[in-house]
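**Q** Chains as they are written, first to last, in our numbering: chain A, 1 to 484; chain B, 1 to 96; chain C, 1 to 488.
In short, the hints are calculated from the structure, not lab data.
Just so it is clear, CB atoms sit at the ideal spot from N, CA and C, and this is done for glycine as well.
A portion of the hints provided could be inaccurate.
[What the hints assert, rightly or not] Away from chain B, derived, C-beta distances all over 10 angstroms, residues of chain A:
{"id": "1", "residue": "Gly30"}
{"id": "2", "residue": "Val146"}
{"id": "3", "residue": "Lys289"}
{"id": "4", "residue": "Ala465"}
{"id": "5", "residue": "Arg467"}
[Stated by the list, open to error] Mimicking DSS-like on lysine-lysine, the simulated pairs with C-alpha atoms at most 30 angstroms apart in a straight line are:
{"id": "6", "chain 1": "A", "residue 1": "Lys69", "chain 2": "B", "residue 2": "Lys41"}
{"id": "7", "chain 1": "B", "residue 1": "Lys27", "chain 2": "C", "residue 2": "Lys396"}
{"id": "8", "chain 1": "C", "residue 1": "Lys396", "chain 2": "B", "residue 2": "Lys37"}
{"id": "9", "chain 1": "A", "residue 1": "Lys268", "chain 2": "B", "residue 2": "Lys93"}
{"id": "10", "chain 1": "B", "residue 1": "Lys41", "chain 2": "C", "residue 2": "Lys141"}
{"id": "11", "chain 1": "C", "residue 1": "Lys396", "chain 2": "B", "residue 2": "Lys25"}
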Amino acid sequence: MEYEPVIGLEVHVQLKTETKMFTRAPYHYGAEPNTLTDPVVLGMPGTLPVMNKKAVEMTIKAGLLLGCKIPETSKWDRKNYFYPDMPKNYQISQFDQPICDGGEVEIEMEGASRNIMGEHRKVQLTRIHLEEDVGKLTHCENESLVDYNRAGAPLVEIVSEPDLYSADEAFAYLTALRNCLVAAGISECDMEKGQMRCDANVSIRPKGTHELGTKVEIKNLNTISGVRNGIIYEIQRQTLAMENNQPIVQETRRWNAEEAYTTSMRSKEMAHDYRYFPDPDLMPVRVSKEWLNEVARDIPELPFDKQRRFFNDYDLPYTLTSVLCPDAKLAAYFEEALTIYKKPKQIANFIANDLLRELSAAGEHGALPLESCKIKPAHIAELVQFIDKGEISNQIAKEVFPEMFRTGNPPGQIIEEKGLKQSTDTGELEAVCLEVIAENPKPVQEFKEGKEAAINALKGQVMKATRGKANPKLVDDLLRQLLS
Amino acid sequence: MSERNNIDIDYVANLARLELTADEKAKFSGQLEDILKYFDKLNTIDVSGEEPMAHPFPVFNVLGEDKPSATLSQEDALANAPKQRNQQLVVPKVVE
Amino acid sequence: MSDEIYYKTATELRSLLDEKQISSVELIQAVIDRTHAVDSKINAYLDTNENQALAMAQASDERRASGQTRGPLDGIPVSVKDLIVEKGKKARCASRILENFTSPYDATAIINLHNAGAIPWGRVNMDEFAMGSSTETSYFKKTVNPWDLERIPGGSSGGSAACVAAGETILSLGSDTGGSIRQPAALCGVIGMKPTYGTVSRHGLIAFASSLDQIGPFSRCVEDSAMLFDAISGHDPLDSTSYAGEIPKCADALRTKKGPWKLGIPKEYFPDTLDPEIHAAIKSAIESYREKGCEIVEVELPHTDLAIPVYYIIATAEASSNLSRYDGIRYTHRSDETSNALDIYFKSRGEGFGEEVKRRICLGSFVLSSGYYDAYYLRAQKVRNLIRKDFQEAFKKVDALLTPTSPTPAFKFGERSDDPITMYLSDIFTINVNLAGFPALSLPCGLTSGNLPIGLQIIGQPLKEDDLFAIAHSHEEAHDYCKLHPCI
C-alpha cells in the first residue's frame, strides 16, 4: 500500500522588538549570560507583566500580512508547567483567544529545473498567537547551566493546519513564511540564532483516504535542513511501522540532528496538563478598526505578489525574479535603480549576479548585508546607461563593477579615471580590423563562404586587441565593410 | 460535580511538583474532598449566559512602549541563586 | 487616651512634630524601645531596621527644619507586612521557601512611602504567603493578639494588626485578599482598610491571588489610614491592573464630608450563627448612625453564601500558579537532598512550603486540571460576576453597607488549625468584597465581655474611598473605641 504523509507545522518566531514581551528589559542576540534581565524576567516575587505595544502590533501586522482574521478581543492565559528555563514556571501565552485566527501562506514548490517556476499553492493557517520566550539551557556532564537572557522575549507561534504533504512542502512553507516575515520587518527569522524554530506534527495515511492518521509531534527541528531531514525520517519511520503492522503511538519525539533519527520524549498519557487559565495580571487586548488601519498602512507587498508584478511590469525572467523578490530590500534596491534608468533586465542582471557575488565575497560571516554596500542603486543604473550609450562594453562594465563595489564611486568617475571609455575612432579601429583580417585567414575564408558565425571569431580578436574598449557594434560594421 | 469529588492527590501533587508525605496525602485527600463537597453549593444556581469574570474592573490595552529600561547587573541577577557558575544558574542536568 | 508617644496617632504626631515638641528621631526611638519591651510577647516583627530607621528619621527632622517636609506622614514609622518587597531587605512571606531571599527592588507602595517621607522600619509576621486567618501558618513565629496573649491576632496580616494595637509602630501596611487586613484589624481593635482593587499598585506585592490582592493601611485612627491610603495609592504603569483614572484624596475629605449617608444592612451578614455580642455591637453602631440622621435600609446580597466556594476556587487556582516560581532554582530554598532536576522541585517545595500552602496549591492545581476547569474554575468566575452584580445592585440604593467584619472575636491558638472549612468560614463577611473589587474598612466598635475587640465593617463604592473614610470617621468621632489599648 502507498502512504501519504500529512504535516502541520508550529513555527515560533522571535519578534524584532527592542524590549521583552512583558517588561522593558532589552533583548538582543549574543549578549553575555544573564545580562538582559530585570526582576520581571527572573520571575522575582512581586513582579508583574506589562505588555509590549510594539509586539502586539507586529503580531497584528503578521496576521494582516498572512490574511488572518483579527478578532476584536484577545486575551492572555497562563500555561503552567515546570522547567528550569522558565522563571515563573508558567508561560504567558494565548489559549483560546489568539490575536490572529486563520490565514494562509502561499508557497512555491520546486520547479522542474532551476529556471522553471514551480507550482504555487496556499497553505492554510490555524492561528497566530503571541507569547513569551524561555531562557536557554546549556547541558554539561552532570549539570545544566541556565541563562535567562532570552527569557521573556516576544515570540509568535504560527500554527498551520495539517495542510502540508511532503518534507519539501514543509521546507517551501518555512521559506515562504520567512520571506514574508522578514519583508515586513517582523523578525530576522535566523534559525541559527533561534529566531525561528519549528515543531512538526506528522502523520501518515493510506493514499487516497481522507481521515488523518495518529499524529506524532517532532521537536527540535531547529535548522532548515533539520526540518526537511527530520520530517523525511519520521515519514519513513511511520511508513515502516505501518508496513510491519506496528501501531503508531501518539507521542512527542525529538529530532537528533547529529545522528539523524527521532527518539520518543513522552507519550500521550504523559502529556502535560497545562492548566491554562486567564492571566489575572494582564488585561485583554482590544483591536479597534482605527488601530487595525494604522497597522495596515505599514503592510508590505508579499514576495510572491512582487514576483507577479515583476513579471508583468518588467518582463523579467523567473530566474531573476526568484532572486530579487524573496528579499524585499534587494527588490527595493532594484526598483530604486529603475527610477534612474528603466532597463529592468540589465539592471536586474547586475544586481542578481554581480552585486550578490560581491556581497557574498565581502562578508566575513555570510554575505555582507545590503545596507553596508557602498554601491548606490543609481550607480548601477548609470553603469547600464554607459553601456547602452556605447561608451563602454559589457566586458568593461564587468571590470568597472568591482571598483564601484570597492570604492563606492560612481561608474562615470571610475571610467574616467581609468581611461576605460570605449574607442569610437574609426581610423584607429579600421587599422586594427585590417590587421586581424590579415592574421586570421581561416575565419575570413569561412565568412566569405557564407558561414555567418565566423565573423564572431574576428570580432573577438579585435576586442582582445583593443582590450575591450572598442564598441562592438562599430567593430561589426567595420569588419563587414572590409570583408565585402 | 459530586461524582468527581474523588481527588487524585498523587496526580495533583505531581502537577504542582510537591513532595507530600504519606500522612499529608491521607490528610489532604480527606480534607480536599470535604472542601469539594462544600463547593457543590455552586451547582445550586444557573450560570448559563453569565460572563466569566477574570478582572474586578475590566479595561483593555494596558500597553507599554517598546523602550528599553534598566537591567539588573549580572551579580544582582544571580545574588539569590542557590548555586551558580560561569554567570549562570546551575541545576542538576535536565533531560526531557 | 494614652500619653505615651508610641500610642499617639500620626495625626497627633504631625502637630507635635510641626510644633517641635518631638523629633522624628525621638519618635522612632520610642517605637523601637516599645518594641524591645513588648515584642518578645507579641512576636509581631520578623526583622527591624533600627539604625536605618533612625537615619531616615534624622533626615526627616532635617527636612522639617528646612521647611521641606514631604507631607503629613514625614517622619512617621510604618511597619511592612513581609510580602511587600523592599530593596536590599529580606522578603520571606513568612515562608521557609523564601528564607534567604533578598529583594533587588522596591515595591511601588514602598517607593510611595519614601516619597511621603514615611519610614518603613520593620517587617512584620503574617500567615505563610497570606494563606490563613490567624497568622498561625507563619514558618517563623506565632504572633499573639495583644488583647489576649492566648489568642490569635487574626490573619493573614496578623503582624500588622498586632504591632499597631501594641504600640510597636504608628502605622502598618498589610495586604487583603479575602479579609486579611480587615479581619485582623477587627480582632486586634484597630483600623484596617482594603482599597478598591487597582487603586494601590501590586507591583512588589508578593502575589497570593492576583485578582483579589490589594495593599492597604492599618492605623489607630481613621484619619491615619486615610493619610496612608493617600500616600500609597495612585496609578502605576508597572501594574497592568492599576487604575488609570483619578483616585480620591481622602484625608482632606474627612473635614468636608459629614453625611448624612444612606446606609445598607445586608441581611445575609447577620446569620443565626453570628456571635451574639458581635451582633449586639454592630446593631448598636447601626443605631448610632441612625441617630446621626443616616437613613438605614435593608438590602440583599443574595449570592453571599456562594462566596466561600467561589473565593477558594479562584484564590487557590491563582495561587497554585503564582507560587510555581518558588522552585529552588533561582532564589528560593533548595533542598540538599536532590540528585536530579525534578527532585529540586519536589523536595524544595515539599520542604519549603507549610501545610496550609501545600493544601491550597493542591486544591488550586486540581480545580484548573484537565477535565475539572469548567466545573470549578469557569463556573466560579461566572458566579463571581453574580456576586459583583449583587453589590452593584445594592449600591444603587445606598452609599455604604454596614456589617460585622468577623463572625467571631479572636479565637484561641490551634482551635481551627485542623479544620480548613471552619477556618475558611472566618472570612465569610470579608471575601465578597474582594471578589467584587470594592473597598471596605474595619473599625473598632466595641469589646466583648471577655475584653476582645469587635470590628464594624463598612463597605464602600469603588473609587469612593473618601466617603468610606468619612463614614468611618463620623462613627469614630462619636465613640472612644479607637482609643482603647490592650494591657500587655
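**Q** Now tell me if each hint is right for this structure.
**A** Taking the hints in turn, this is what the structure says about them:
At roughly 14 angstroms, the least C-beta separation between Gly30(A) and chain B is larger than 10 angstroms, which holds for a residue marked as non-interface. Against the 10 angstroms criterion, Val146(A) falls within the reach of chain B, whose nearest CB is about 4 angstroms from its own CB. Chain B leaves Lys289(A) outside its interface by the beta-carbon criterion, the shortest separation being 14 angstroms against a cut-off of 10 angstroms. The Cβ of Ala465(A) lies farther than 10 angstroms from every Cβ of chain B, with a closest approach of about 63 angstroms, so its non-interface assignment holds.
Annotated as non-interface, Arg467(A) keeps its C-beta farther than 10 angstroms from every C-beta of chain B; the closest such distance is 57 angstroms. Proposed proximity of Lys69(A) and Lys41(B) is contradicted: the alpha carbons are some 41 angstroms apart, above 30 angstroms. Straight-line distance between C-alpha atoms of Lys27(B) and Lys396(C) comes to about 46 angstroms, which puts the hinted pair past the 30 angstroms bound. The straight-line distance between the Cα atoms of Lys396(C) and Lys37(B) is roughly 35 angstroms, outside the 30 angstroms bound, and the hint therefore fails.
Taking the CA atoms of Lys268(A) and Lys93(B), the gap is about 24 angstroms. The hint holds against a cut of 30 angstroms. For the suggested pair Lys41(B) and Lys141(C), the alpha carbons sit about 36 angstroms apart, so the restraint of at most 30 angstroms is broken. For the given pair, Lys396(C) sits about 48 angstroms from Lys25(B) by alpha-carbon distance, which is inconsistent with the 30 angstroms threshold.
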